[in-house]
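With the hints as constraints, model all of the structure from the sequences given.
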Amino acid sequence: MGKAETYRQNAEECLRWANNQTLDANDRNALFRMADYWHQLAEEEAATLRRTVERSTRLELPTVSPH
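The sequence shown begins at 1 in this note's numbering and counts up one residue at a time.
FYI, nobody ran anything at the bench for these hints, they're computed from the structure.
Each residue gets a CB set at the ideal place from its N, CA and C atoms; glycine is no exception.
A few of these clues could be false.
Label pairs and their computed distance ranges (CB to CB) [what the hints assert, rightly or not]:
| # | residue 1 | residue 2 | range |
| --- | --- | --- | --- |
| 1 | Ala30 | Glu5 | 22 to 30 Å |
| 2 | Asp27 | Thr57 | 31 to 39 Å |
| 3 | Ser56 | Gln21 | 44 to 52 Å |
This is the structure in structure tokens:
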């Protein structure tokens, strides 16, 4: 499992806890903020991975001589 997936799972877990009505509003808000943070990290990690793959793919493409 990659970092992005782990971060998404952390976000989901925070949301699950935040939706627990027995917690007070401050705790729930903190968990919602944590979920947003984990989600942002997941998106950034996924974007970094995409850029890395695109960069490696470009480097591996054979070059064609114009002559």
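Each hint, compared with the structure:
1. Ala30 <-> Glu5: 22 to 30 Å: 23 Å, holds
2. Asp27 <-> Thr57: 31 to 39 Å: 45 Å, violated
3. Ser56 <-> Gln21: 44 to 52 Å: 47 Å, holds
Violated hints amount to a single one, hint 2; each of the other numbered hints is respected by the structure.
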